[in-house]
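From first to last, the protein sequence lines are chains A and B. If you read the first sequence in our numbering, its first letter stands for residue 1, the second for the next number, and so on. If you read the second sequence in our numbering, its first letter stands for residue 1, the second for the next number, and so on.
Since the hints were derived computationally from the structure, they do not count as laboratory data. No false leads were slipped in.
What the simulated footprint calls covered on chain A by chain B, stretch by stretch (three residues with Cβ under 8 Å from a Cβ of chain B suffice, anywhere in the stretch; the number is not a length): (1) 77 to 85; (2) 116 to 123.
FRET-style restraints, in silico, Cβ to Cβ: (3) A:Gln192 / B:Thr118: 32 to 42 Å; (4) B:Ala217 / A:Gly200: 53 to 63 Å; (5) B:Tyr96 / A:Gln192: 18 to 28 Å; (6) A:Asp29 / B:His229: 50 to 60 Å; (7) B:Glu35 / A:Gln192: 50 to 60 Å.
If you want the ones that stay clear, here's a sample from chain B, every Cβ over 12 Å from chain A, calculated: (8) Glu35; (9) Asp51; (10) Arg100; (11) Arg109; (12) Pro221; (13) Ala299; (14) Val312; (15) Leu325; (16) Asp343; (17) Glu380; (18) Leu424; (19) Asp454; (20) Glu581; (21) Asp583; (22) Leu594.
We put the beta carbon where it would ideally sit given N, CA and C, even for glycine.
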Amino acid sequence: MSAVLAALLLAASVRGTVTITGKKSEALDPSRAVVWLEGSTALPAAPVKGVMTTRSKTFTPEVLVLPAGSQVAFPNEDSIQHNAFSSSEGNRFDVGLYGPGPGKDVVMRAPGVVRIYCNVHPQMAAFVIVTPTSLAARVKPDGSFEITGVPAGAYELKAWDERGGTSSVPVEVKPDGQPAVSVTLDGSRFKQRPHLDKEGRSYEERGTPDYP
Amino acid sequence: MTLATKFASVATAIVAGVVLAGIGAVWTVMHRMEEPELDAAVAKSHELARDVVGQHLRRLALIDTSLANDPPFRAYITEADALSVLDSLRERAALYQCDRLIVTDRDGRLLADTKHPTAVGSDLSREPLIGPALDGGAQSGAWLDPTGGLFLAASAPILQGGRDVVGAIVALDATDDALALELRNAIGSEVAFVTGSTVSGTSIGIATGAVGQALGAQPLPSRLPLESHEYAAGRFDLPAIGASPAGALVLLRSVERELAPLRRVRAALLIAGAIAIALAIAAGTALAGRITRPIADLAKATERIAQGDFDVRLPRPSADEVGRLAAAFGAMIVQLKEKEAMDTYLGGIVVRSQAGAAEPTWSVAPETPPATPDLGERFEARGLLGRGATGTVWRAYDRAIAETIALKLLPRGSVERVGREIRLARKISHRNVVRIHDLVDTPAGPAIGMELVDGVPLAALLGRERLPLGAALRIARQICDGLAAAHAEGVVHRDLKPANVLVDASGRLKIADFGLAELTGGGGGHLAGTPSYMAPEQTTGAPVDERTDVWAAGVILYEMLCGRLPFRGDDAPRLYGSIREDDPPRPRSLVPDLPEALEAIVLRALAKRPADRPLTARELDEALVSAAPSGMSI
Numbered sequence: 001m002s003a004v005l006a007a008l009l010l011a012a013s014v015r016g017t018v019t020i021t022g023k024k025s026e027a028l029d030p031s032r033a034v035v036w037l038e039g040s041t042a043l044p045a046a047p048v049k050g051v052m053t054t055r056s057k058t059f060t061p062e063v064l065v066l067p068a069g070s071q072v073a074f075p076n077e078d079s080i081q082h083n084a085f086s087s088s089e090g091n092r093f094d095v096g097l098y099g100p101g102p103g104k105d106v107v108m109r110a111p112g113v114v115r116i117y118c119n120v121h122p123q124m125a126a127f128v129i130v131t132p133t134s135l136a137a138r139v140k141p142d143g144s145f146e147i148t149g150v151p152a153g154a155y156e157l158k159a160w161d162e163r164g165g166t167s168s169v170p171v172e173v174k175p176d177g178q179p180a181v182s183v184t185l186d187g188s189r190f191k192q193r194p195h196l197d198k199e200g201r202s203y204e205e206r207g208t209p210d211y212p
Numbered sequence: 001m002t003l004a005t006k007f008a009s010v011a012t013a014i015v016a017g018v019v020l021a022g023i024g025a026v027w028t029v030m031h032r033m034e035e036p037e038l039d040a041a042v043a044k045s046h047e048l049a050r051d052v053v054g055q056h057l058r059r060l061a062l063i064d065t066s067l068a069n070d071p072p073f074r075a076y077i078t079e080a081d082a083l084s085v086l087d088s089l090r091e092r093a094a095l096y097q098c099d100r101l102i103v104t105d106r107d108g109r110l111l112a113d114t115k116h117p118t119a120v121g122s123d124l125s126r127e128p129l130i131g132p133a134l135d136g137g138a139q140s141g142a143w144l145d146p147t148g149g150l151f152l153a154a155s156a157p158i159l160q161g162g163r164d165v166v167g168a169i170v171a172l173d174a175t176d177d178a179l180a181l182e183l184r185n186a187i188g189s190e191v192a193f194v195t196g197s198t199v200s201g202t203s204i205g206i207a208t209g210a211v212g213q214a215l216g217a218q219p220l221p222s223r224l225p226l227e228s229h230e231y232a233a234g235r236f237d238l239p240a241i242g243a244s245p246a247g248a249l250v251l252l253r254s255v256e257r258e259l260a261p262l263r264r265v266r267a268a269l270l271i272a273g274a275i276a277i278a279l280a281i282a283a284g285t286a287l288a289g290r291i292t293r294p295i296a297d298l299a300k301a302t303e304r305i306a307q308g309d310f311d312v313r314l315p316r317p318s319a320d321e322v323g324r325l326a327a328a329f330g331a332m333i334v335q336l337k338e339k340e341a342m343d344t345y346l347g348g349i350v351v352r353s354q355a356g357a358a359e360p361t362w363s364v365a366p367e368t369p370p371a372t373p374d375l376g377e378r379f380e381a382r383g384l385l386g387r388g389a390t391g392t393v394w395r396a397y398d399r400a401i402a403e404t405i406a407l408k409l410l411p412r413g414s415v416e417r418v419g420r421e422i423r424l425a426r427k428i429s430h431r432n433v434v435r436i437h438d439l440v441d442t443p444a445g446p447a448i449g450m451e452l453v454d455g456v457p458l459a460a461l462l463g464r465e466r467l468p469l470g471a472a473l474r475i476a477r478q479i480c481d482g483l484a485a486a487h488a489e490g491v492v493h494r495d496l497k498p499a500n501v502l503v504d505a506s507g508r509l510k511i512a513d514f515g516l517a518e519l520t521g522g523g524g525g526h527l528a529g530t531p532s533y534m535a536p537e538q539t540t541g542a543p544v545d546e547r548t549d550v551w552a553a554g555v556i557l558y559e560m561l562c563g564r565l566p567f568r569g570d571d572a573p574r575l576y577g578s579i580r581e582d583d584p585p586r587p588r589s590l591v592p593d594l595p596e597a598l599e600a601i602v603l604r605a606l607a608k609r610p611a612d613r614p615l616t617a618r619e620l621d622e623a624l625v626s627a628a629p630s631g632m633s634i
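All chains should be built: construct the whole structure from the sequences, respecting the hints.
Right under this line is the structure:
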């Protein structure tokens with residue numbers, strides 16, 4: 001306990017900026033990017049309860065950052081039935097069709113990017129970023145971020161964005177602070193592709209006569 | 001109308017006729033092509049429209065399938081989640097741009113209808129579109145919804161687990177203006193959707209009023225005038241669902257556009273025809289002008305010549321017929337000029353002779369004028385014309401024919417001798433022979449009524465001077481003409497001499513006293529004729545014939561050309577001897593510039609033996625013509 005406390009007392013913040021560059025080296029909107037720390041000091045993650053609401057045929061929020069082991073609820077605020085599923089490795093789930101109401105909870109066990117879709121509505125997509133620790137943060141619209149409560153030590157700062165993928169930068173966290181970190185993600189090669197339904201088929205294809 | 005105008009008109013008329021006939025034929029053929037062309041266009045449109053409508057229905061069926069096979073959607077149906085179903089239908093309708101989607105549950109009760117979101121629960125199981133789908137069969141075609149809207153529709157069962165029907169889905173497209181336009185763009189025809197006589201959509205944008213009525217007319221006329229446009233029209237049933245077709249497709253092809261190529265060709269044809277005719281007129285006029293200008297010039301020249309103006313310029317001679325005509329005409333004018341000059345000359349001499357002579361105009365032996373004879377009731381003497389060996393000739397008025405004639409009094413008792421000859425001579429009717437009218441009896445004795453010639457005897461001309469060559473030949477030819485006419489009637493003059501050859505003021509010549517030779521000396525075995533002009537055979541009393549007259553003509557010709565008689569003698573016996581024996585002095589020895597050919601003819605006519613002379617007067621005439629100096633007209 002005292003060790004934890006000591007760590008907390010000794011904790012510092014990691015600040016920095018994330019830049020996502022587009023095809024023409026322009027800066028893309030960084031507000032859906034996520035940063036987290038992975039590091040030497042094994043600092044157990046504290047599971048939390050997240051909520052991903054279905055509203056107006058949209059998953060809200062679009063991006064959710066949670067430490068591994070956290071629970072995500074999928075309440076449905078629409079009047080029609082929705083679905084939420086993920087085929088992402090380590091976190092496969094399918095909550096089935098569900099009507100208006102609090103919906104089901106899903107535990108995100110494995111760290112990584114969990115892509116969540118609705119099997120009814122192809123336009124609905126969201127990301128849950130499951131981090132190994134609680135040392136994570138969403139990037140603000142201006143590209144800045146701050147991860148607080150970081151004990152001193154050596155870390156890898158990882159940054160992720162749908163378009164730019166994952167990138168990591170080593171960070172030495174000291175009790176008396178350290179310089180801001182700057183991470184650049186290359187989003188120039190990103191291409192939006194239609195995702196598949198939970199059967200692994202394209203949504204358009206499943207209307208074809210040979211669809212089972 | 002000038003010849004050029006005629007030529008041009010005829011040429012133009014022919015070309016125009018041919019061109020117009022050609023155009024007419026093609027025009028008719030093309031006109032006949034119009035109706036089948038339009039009908040074919042409508043039929044072709046129908047084929048295309050059937051294909052496109054078929055494609056449309058297949059697309060609707062595909063929308064059905066895509067939804068019916070969608071697992072979450074099927075789950076909505078099985079759960080009868082009307083809201084979710086409706087939402088999905090709306091999404092798909094938007095995605096596939098389909099006007100309307102309807103879903104029923106397994107009993108045919110309406111679960112969702114994108115057009116009527118609140119109408120849920122009504123029973124559609126009896127609809128020909130829904131019922132069969134609930135039994136597992138897909139349907140497609142035109143569908144009239146319960147509110148009267150005409151749709152293209154495709155229905156399909158929604159199967160669970162591949163067998164169980166859990167509902168039916170219908171994809172529909174309204175037969176509205178938008179669909180009509182889409183169809184029009186695909187097939188290139190104006191289109192209207194019609195239910196009975198109600199128009200639900202058109203590509204021409206007007207489905208109401210008169211246009212709507214016209215489009216909904218049954219039966220539909222094959223030619224439809226709409227809004228100042230004429231259309232070829234056809235009405236075709238849309239594919240039916242169930243027994244009877246719910247609607248029809250009216251296809252319209254713009255007559256103007258459809259026939260535009262034909263009409264362009266026709267217009268081009270007309271323009272080409274007009275150009276051809278214009279060219280024909282221009283070319284015809286130009287060509288006719290060129291061809292006929294020499295003729296027109298010739299005509300003008302002729303008119304001027306007819307008015308007595310010989311000083312005309314003729315068209316330039318060319319190788320064609322007109323050129324030859326012009327050349328011939330030119331030669332003719334030269335001859336006419338000479339002839340006119342000659343006649344003027346002759347007439348002049350005659351007029352001078354008449355003026356210089358006292359009444360009577362001539363006489364063989366001047367004597368005191370005889371008393372005016374009593375010519376009886378029919379004739380009235382009006383002056384002495386002449387006096388000869390055989391008697392006097394009077395100008396006499398013939399009351400019987402109310403005409404002044406010449407009346408020759410004959411010695412009493414002479415009619416018996418000459419009557420036959422005179423009657424023969426009466427038959428001679430020729431411009432160069434004094435016409436004998438009649439042999440009459442008058443108180444003064446027998447008389448011959450004759451044509452009155454207002455002229456002088458050739459003798460009166462010869463006494464003065466040698467005649468110019470042209471005048472001499474003109475006279476000689478007329479003598480030949482007169483003789484030929486007489487000879488043709490079998491009459492030989494036998495006493496031809498300048499005294500009985502009369503020339504009038506216009507130069508025309510007439511031979512008198514045919515048939516009277518007997519009176520002056522008798523024919524046959526007697527000596528007859530005037531000594532100087534007697535032929536050798538006459539001096540011996542040998543038989544005479546035409547050639548005797550040819551001799552006399554030869555003597556006259558000699559006298560005219562040379563200014564003297566060919567034979568002379570102090571008395572008759574010597575003269576006869578000379579005539580029989582002597583060669584006359586060669587004319588060229590007297591008149592050196594006389595053409596040799598002419599000299600030869602004169603000498604031939606004066607051949608001692610009749611057989612050596614030209615056989616007839618006609619032959620002599622022809623010889624004269626060919627002997628005349630070139631260019632001289634005689």
